[in-house]
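Participant: Line by line, the protein sequences are chains A and B. Every letter in the first sequence is one number past the one before it in this note's numbering, and letter 67, counting from 1, is 68. Every letter in the second sequence is one number past the one before it in this note's numbering, and letter 115, counting from 1, is 104.
Derived by calculation from the structure, the hints in this document are not laboratory data. Heads up, some of the hints might be wrong.
[What the hints assert, rightly or not] Simulated restraints on C-beta separations: (1) L46(A) with L49(B): 20 to 30 Å; (2) S47(B) with T26(A): 11 to 21 Å; (3) P59(B) with Q58(A): 16 to 26 Å; (4) E17(B) with E39(A): 25 to 35 Å; (5) D52(B) with S28(A): 40 to 50 Å; (6) E17(B) with T109(A): 34 to 44 Å; (7) Q30(B) with N53(A): 23 to 33 Å; (8) R4(B) with E15(A): 44 to 54 Å; (9) D79(A) with R48(B): 38 to 48 Å; (10) R48(B) with D17(A): 36 to 46 Å.
[What the hints assert, rightly or not] Below, in silico cross-link-like pairs of lysine-lysine (DSSO-like), each with a Cα-Cα straight-line distance of 30 Å or less: (11) K37(A) with K0(B); (12) K46(B) with K37(A); (13) K102(A) with K46(B); (14) K102(A) with K60(B).
Using N, Cα and C, we set each Cβ at its ideal position, and we do this for glycine too.
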Amino acid sequence: GEDVEQSLFLSVREGDSSVINCTYTDSSSTYLYWYKQEPGAGLQLLTYIFSNMDMKQDQRLTVLLNKKDKHLSLRIADTQTGDSAIYFCAGLTGYALNFGKGTSLLVTP
Amino acid sequence: DTGVSQNPRHKITKRGQNVTFRCDPISEHNRLYWYRQTLGQGPEFLTYFQNEAQLEKSRLLSDRFSAERPKGSFSTLEIQRTEQGDSAMYLCASSGWGRQGSDTKNIQYFGAGTRLSVL
Chain A
2 GEDVEQSLFL
12 SVREGDSSVI
22 NCTYTDSSST
32 YLYWYKQEPG
42 AGLQLLTYIF
52 SNMDMKQDQR
62 LTVLLNKKDK
72 HLSLRIADTQ
82 TGDSAIYFCA
92 GLTGYALNFG
102 KGTSLLVTP
Chain B
-10 DTGVSQNPRH
0 KITKRGQNVT
10 FRCDPISEHN
20 RLYWYRQTLG
30 QGPEFLTYFQ
40 NEAQLEKSRL
50 LSDRFSAERP
60 KGSFSTLEIQ
70 RTEQGDSAMY
80 LCASSGWGRQ
90 GSDTKNIQYF
100 GAGTRLSVL
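Take these sequences, add in the hints, and give me the full structure.
Facilitator: Spelled out as structure tokens, the structure:
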């Protein structure tokens, strides 16, 4: 959606860290999410962060939220080839998730 | 818990035909959502049910679209007089009861989707 923007493509080498960025315009979003989508599949929830937090870590995943700049990032440590997919940032407004267009992550050996 | 189940996975139809998709949410979830995803885009919200009540509909949901959740469990999405522009992936999601202080109701889990191709 036009309210959530992501860079379209990212390429990293296996073992490196990946950082996927997202900016959003709706400051009323109470929760922000990262979903992963593999080809032809549905969306897999990776992690989420409540809007009054600024960081959340979950194993290889670290989410940073800068509420002032309306900027959200997802860092994947030790990126593996199985991490290659499209990553969607989304904000919750009311009942609906408002998604970006997705960042296609390619992990090369 | 088998997750959100959607059927069929793929549907090919001719323009003008009616199609119906089914979504079975996670069993203890009372909230159900439909989204549409076109190629190269993120999913877009269509509609939301809490139990059997349809509480929110997007302006994307034209008169040719109707969604039901008659007993508050599974849901159906029907498209009448399909058009080529209806070709998309239709995704269903569900979320759970929200105890006070719980995030559960705000976490939407998605099914694998139904891919519709209108020829």
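Participant: So, for every hint listed, does it hold in this structure?
Facilitator: So, going through the hints one by one against the coordinates:
A C-beta distance of roughly 23 Å is found between L46(A) and L49(B), which places it inside the suggested range of 20 to 30 Å. A hinted range of 11 to 21 Å for the beta carbons of S47(B) and T26(A) is consistent with their spacing of about 18 Å. Checked against the hint of 16 to 26 Å, the pair P59(B) and Q58(A) fails, with Cβ atoms roughly 43 Å apart. Restraint check, E17(B) to E39(A): a C-beta distance of roughly 26 Å satisfies the suggested window 25 to 35 Å.
A C-beta distance of roughly 33 Å is found between D52(B) and S28(A), which places it outside the suggested range of 40 to 50 Å. The supplied range of 34 to 44 Å is met by E17(B) and T109(A), whose beta-carbon atoms lie about 41 Å from each other. Between Q30(B) and N53(A) the beta carbon distance is about 30 Å. The supplied range of 23 to 33 Å therefore holds. A beta carbon spacing of about 45 Å between R4(B) and E15(A) agrees with the range 44 to 54 Å that was offered as a hint.
For the hinted restraint 38 to 48 Å between D79(A) and R48(B), the CB-CB distance of approximately 43 Å keeps it satisfied. Separated by about 42 Å at the C-beta atoms, R48(B) and D17(A) satisfy the suggested range of 36 to 46 Å. With a C-alpha separation of about 24 Å, the suggested pairing of K37(A) with K0(B) holds against the 30 Å cut-off. With a CA separation close to 25 Å, the supplied pair K46(B) and K37(A) stays within the 30 Å bound.
For the given pair, K102(A) sits about 21 Å from K46(B) by alpha-carbon distance, which is consistent with the 30 Å threshold. Simply put, K102(A) and K60(B) have alpha-carbon atoms about 34 Å apart, too far for the 30 Å limit, and the pair is violated.
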